[in-house]
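Taken in sequence, the protein lines are chains R and H.
Take 1 as the starting number for the first sequence in the working numbering and just add one per residue.
Take 1001 as the starting number for the second sequence in the working numbering and just add one per residue.
Treat the hints loosely; a few may be bogus.
[Said to hold, decoys possible] Calculated cross-link-like contacts (lysine-lysine; reagent style DSSO-like; alpha-carbon spacing at most 27 Å): (1) R:Lys291 - H:Lys1021; (2) R:Lys287 - H:Lys1073; (3) R:Lys287 - H:Lys1072; (4) H:Lys1048 - R:Lys423; (5) R:Lys679 - R:Lys516; (6) H:Lys1073 - R:Lys423; (7) R:Lys422 - H:Lys1048; (8) R:Lys291 - H:Lys1020; (9) H:Lys1072 - R:Lys524; (10) R:Lys291 - R:Lys191; (11) R:Lys287 - H:Lys1021; (12) H:Lys1048 - R:Lys310.
Note that these hints are calculated values from the structure, not bench results.
What follows is each chain in one-letter form.
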Amino acid sequence: MGLTRQSTGTGALKDTFAARPESPADYVIALAGNPNTGKSTVFNSLTGLNQHTGNWPGKTVACAQGKYDYKGDRYLLVDLPGTYSLLANSAEEQVARDFICFGKPHATVVVADATCLERNLNLVLQIMEMTNKVVLCVNLMDEARRKEITVDLQKLGNLLGIPVVGTAARSGEGLAELKETMHKVVSGEVKTKPRKILYDDILERAVAKILPLVTDLTGGSVDGKWVALRLIDGDQALLDSLRSHLHLDLAGDKIFRQKLAAARSVISESHLDLNNLRDSIVTSLIKTAEKISREAVIFGDSTRSQLDRKLDGILTSRLFGIPAMLGLLGIIFWLTIVGANIPSTILANGLFWLEEQLTFFFIRLGTPSWLHGMLVTGMYRTLAWVISVMLPPMAIFFPLFTLLEDFGYLPRVAFNLDYYFKKACAHGKQALTMCMGFGCNAAGIIACRIIDSPRERLIATVTNNFVPCNGRFPTLIALAGMFLAGSANFFGSAVAALAVMAAIVLGITTTLFVSKLLSRTVLKGLPSAFALELPPYRRPQVGRIIVRSIFDRTLYVLGRAAAVAAPAGLLIWLIANIRVGNASILSHCAHFLSPFASALGLDGYILMAFILGLPANEIVIPVLIMGYMAKGEILELGSLEQMRQLFLDNGWTWLTAVCMMLFSLNHWPCGTTLWTIRKETQSLKWTLLSFLVPTAAGIVLCFIVAQGARLLGIA
Amino acid sequence: MNNNLVPLSELPIGSLGIVKKLAVEGAARRRMLDLGLILDTAVESLLKSPAGDPIAYRIRGAVIALRPEEAKKLLVEVR
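Given these sequences and hints, build the entire structure.
As structure tokens, then:
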């Protein structure tokens, strides 16, 4: 995953270039590599939790930075976007390339996949063209051994002319050696002498025409031959980068223009096609990679990839592909619902016991009741609800989901669903951004950068909110559990899981429908090119998954929710308790909204809860509870059963639950997501549309369901 | 010219083809090249998605899914 949009590209670039050493003893290391090589695992293993930007785990969405100390020096590691090439076909490639060229890292470590070295060498060779200080980290050596692929690291190092270290980052194998090698390279103890590519004679002659001038102009700060070749190839992006980083306006330099024209005429007079010069360049790179790989890699006859194909034969088959996908999701939801109940109750009991103690404490201090109300009944109770309702499901859901991700299943989801996205004139990778959306829609929006076409990226952005994020899952799960399950046995929880599944399927259907609608109206266009890698299945590292998903996802999301819930709790307590006339402000608002809300099968308090829940969806249920309780029904809330009773007392039926689930699935994105959309699209118009589209969908859906059910007399 | 050239999209599952012609230009061509699809590259058709589109191919050791719109622009010689 990485950046693709021009604007985000330059934005991220700015952040990346801020990666400057704090003291002269610091070394800046660029970490490059193809996607799916375990680059992020290498990064995480080296830097631990000592990272600078909070990127969504496992996926490099912006250039994350991390630090570690080795032999008295501090190393600043910059994790560049994963790319297959650096010929700047996309902004993410440009970001990575510019950092290596102009960010002046002390060394660049390229992470390659040992099981697929030939393909990875293309990038390695390109980086070796750009800079001399390169270290190759051949990762996933454990996978390679399992597949009976032998990589002769010594020979590979000799052929490439750079240090090569074999690692299995997930088990920590080879990381000490990698650190030591990096130390030796940056300190100059080991000299690197990368093998340069020998291009077609004609190309070499053309390069020679401008090389002296380019070397002169750039002052040797970048590799002259590489720059010369890129300029002959007509690399506009590099011209821009030279201007912004080296203040070198080559396009405005008359002598340079003449020399460049001379160099290009060398080519046009030859057998090479100036328009398809890239063919010749890439062919030289790939042939070299092929040759090196043939010499340094030995393939045994393992049946491992056969196993992958067999798995794919089931997980992506015509018959089982989609049922298997729904089944896997269903199992995850079921485990989450079943597993969350007991810890949720224990947490609630503990936290409300603490509330009692706090209350005693306040009484003993003799504080006025309004202060106790604000801090304990308002702030603390909302916080307690958010934690006890959200933490257990998240602590179960995220590790399970990460397990699927780590296993390599998510690209298969995109593979299975691409056809339908194509029908909707959208991109198959939109399915991946939706998967991220299950975690957090803001993260899903950022993940939209993996879609190259701006049109399809906007479609993915506007529709991302149709998949419920974890802030809405607890609402869906709690409502399904309380009102649709009927009983708390296996059957009940299965029904609840099915209801949540149905919500997801509805979300996906709506996404496809709205995507199609958008590409017919405001985002007209045809589907763009599509190439999706299906990486090998990998045995998930269970321990690592639990640690990382708890730290990176669960606690991150919970922290965000808590940070919003505490002040929101205070505010909500205030509007629920400040009385104007004979009712609270909240009641007035709810009363005002009531006719409209009831047409949608909701009530004024529910709609008010969604409105007040704009900062974070997690607080919708707490707000609702507070709204109902402030009406007079004082209730000790400790379990879902008591919550259900409170809702029933306020006139809830199954239809209210269904409509609230629908509205939870289809309404405006939360504040963070809107802010992210604004940042990513750089446009108020698209932010507004992203607000309106799901809201309109929710109003229409709820209206149809509520009126339909009332007409049929079933509610 | 070889008359046995077929579009990659029509290469039967399980068979091997050798790329003989890239009938694309511009950005799409560069993307193909970045995947390692140069002349004489061996490509194996591996599996179809549930809807039969896209199709996954083994290209230089990696498994890449392509839509027929792209794959038909690559002409291969069936082995």
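inquiry  = So, against the hints stated earlier in the document, which numbers end up violated here?
reply    = Structure breaks no hint.
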